[in-house]
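For the record, the sequence lines run as chains G and Z. Going by UniProt numbering, the first sequence opens with residue 1, and the numbers climb by one from there. Going by UniProt numbering, the second sequence opens with residue 1, and the numbers climb by one from there.
The set of hints was computed from the structure by calculation and includes no laboratory data. Be a bit skeptical, because a hint or two may be false.
Said to hold, decoys possible - The list that follows gives simulated cross-link-like pairs (lysine-lysine, DSSO-like), each with its CA atoms no further than 30 Å apart:
| no. | chain 1 | residue 1 | chain 2 | residue 2 |
| --- | --- | --- | --- | --- |
| 1 | Z | K309 | G | K139 |
| 2 | Z | K173 | Z | K231 |
| 3 | G | K109 | G | K178 |
| 4 | Z | K158 | Z | K260 |
| 5 | Z | K67 | Z | K26 |
| 6 | Z | K26 | G | K139 |
| 7 | Z | K147 | Z | K177 |
| 8 | Z | K158 | Z | K173 |
| 9 | G | K139 | Z | K307 |
| 10 | Z | K67 | Z | K126 |
| 11 | Z | K126 | Z | K177 |
| 12 | G | K139 | Z | K67 |
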Amino acid sequence: MVINPDNYGLRLFVRYLVLCLIALIFIFPLVFMINSSFKPDSQLLADTSSLRAFLPVGDISLDNYFGAFQRAPVGLFVFNSVLVTGMTVVLSLLICSLAAFSFTFLRWKGRDVMLSIVIATLIIPFEIIAIPLLLLVSKLPWIGLNGLELGWLNTYRVQIIPWIADGLTIFLFVQYFKGLPGELIEASRVEGASWWQVYYRVVMPLSGPVLATAAILKFLVMYNQYLWPLIVVQQENHRPVMVGLGYFFQLNVAWGEVMAYLTLITVPVLIFYLFLQRAFIASIASTGVKG
Amino acid sequence: MKLTKHLAGAMIASTCLCVPAVAQTKLTMWYHGAGNEVESKILNQIISDFNTSQSDWTVSIESFPEKTYNDSIAAAALAGNLPDILDVDGPIMPNWAWAGYLQPLPIDESEFADFLPGTKGVWDGKLYSIGLWDAAVALFARQSTLKELGLRTPTLDKPWSREEFMAALDAAKASAKYEYALDLGMNDQAEWYSYAFSPFLQSFGGDIVDRSTYRTAEGALNGEAAQAFGKWWQSLFTDGYAPGTSEDPADQQTGFIDGKFAFQWNGNWRAVETMAAVDDVVFLPAPNFGAGSKIGAGSWQFGVSAKSKHPEGAAEFIKFATQDKYLAAFSDGIGLIPPTPSAAQMTKNYKDGGTLAMFFDLSKAQALVRPITPGYVVQSKVFTKAVADIANGADVADTLDAAVDEIDADIENNDGYGHR
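Construct the entire structure; sequences and hints are all you get.
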């Protein structure tokens, strides 16, 4: 058969075929996880050597889900993660956008040096500062309902506050704010708007895409937190989902329950992503940044 | 005046009546078994019994996932946040004692005189921890396989020699009935490697470290005996007796049951499940490679943290928890070996004639605890990497020499870990 290079339909078909194959590679792990969550361990393990691993065939049931809820407080872990993640995302968007606004639009001494320092923090791996940070938060004071307390361990705040401000999110906002028309800001100022009014009446309403991107990136970082909660949370009632995964790795691993747990904790991520998908893609196209 | 007296009397009486009973002092306890329903149930029962059995102390437990437990302890020690009572994996105990996480148990050692040696955590001549169970490894086989292949059934008194063991593997390989003659569980490259495979090295006459000084691995891990072990170990994979490090994890769980392997080197925690699936399963003692048959020992143990303000209360709880009835309950629940003969007689599997009784005898006769040194934490990882590399075809002599260098450097960096 001779392929006509000008055959638009054929080229389109080949292009979609390649894209579908690439999509399948990314989808397979999810399909495997979801299908396996309905299978008993013996069948799950036996199916791994064939394509049956990706199909909902055989002895299908919800037993693994019941088992997962029996083995670990799945609801509590998801609640903890969603609470910590949600609070951090909201506070991070506020604080980081304010910082970026200052770096972009306000003129103050040492601004560029400070921005360079903030961006330089991107190259410091968290593992390096984990222990000093642990020592710090274990001694920090807090005034709460019980009066003055020393130490933040085993709380939600220890999982939230250190993660609110970060170099990447500030950098994202700075990059986006630089692309906004300067005339708009100047006009607002000429009209008598305060800097605060410029921030929340002019700049933020135009920042939907970067807000979505920053929110999704922050959400993923926070929802996948492992090392930090592992060392600062020693009580089950504040434990997040990723540390909770360890409940399923006993001497004899119940793989079906592992898959059920993973499926359950993936749901909030998918919902969040689908909710912000359009704005996320728009922002990636404009900032060239991806997670 | 009379009224005043009545009032005063009433006040004194009401004060006396309202004084609460002396409050129990709270003890905190951390445990590695989060997600393990059976262990949690038994431990919660012990705690509940203890809390109601006396009026001085009340224990509250916090469970952690096993995989992250040691990291949580290290972080808590840094933050000065350790509980009163904690459990510790036997071979890790010297490291925690050396690092100042634990204090010696304020209990007379004679209280545990009849406990299996592997259940006692002794460091620097002092008892730091005590286990509620022990674990043992055996060679799983089918009686029918032994018969078909014409093999002698080895016993504790007369285990297989190296030649007999290799002849058994040859016979299984020649029968062409199995994918592999032997399953060693090679995909699990965690503590399993040191726990399960270092006894082979010790049976050859070598060791992970020189136990006479604990200041070097020279000669122990790269001497003649260790070289012989390394060559034999490599031949298991190059000659096709056993699957290598890329073994399918599923095979370790179900491969023997499905008949893919003639023999499996596995722990007694898999024994109950295997017995349920394989009618004629037998548990054989470790072969003797020249320096006697050896298996690993030492499992999770209870200790008192160095920062505990109430070591006497913690000790009281540990003594309470090590009663035979609780040791037996753990054994019945999770299938592991009860530490005392009297507790063994109270269990369904380990009493005389019980289906797993041989594991108790095996532990008593062949068990050798892993090197009792704070440096074991590093040495175990180095040993694991070395045997994995050798299994993957690395040069035996070079690999063992490199492992010795790494272990010796670590010992030196830590000023000998307190060994003089």
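Comparing the hints with the structure gives:
no. : hint            : result
1   : Z/K309 / G/K139 : holds (20 Å)
2   : Z/K173 / Z/K231 : holds (19 Å)
3   : G/K109 / G/K178 : holds (19 Å)
4   : Z/K158 / Z/K260 : holds (27 Å)
5   : Z/K67 / Z/K26   : holds (27 Å)
6   : Z/K26 / G/K139  : holds (23 Å)
7   : Z/K147 / Z/K177 : holds (14 Å)
8   : Z/K158 / Z/K173 : holds (24 Å)
9   : G/K139 / Z/K307 : holds (17 Å)
10  : Z/K67 / Z/K126  : holds (28 Å)
11  : Z/K126 / Z/K177 : violated (52 Å)
12  : G/K139 / Z/K67  : holds (27 Å)
The structure fails to meet hint 11 from the earlier list, while all remaining hints are met.
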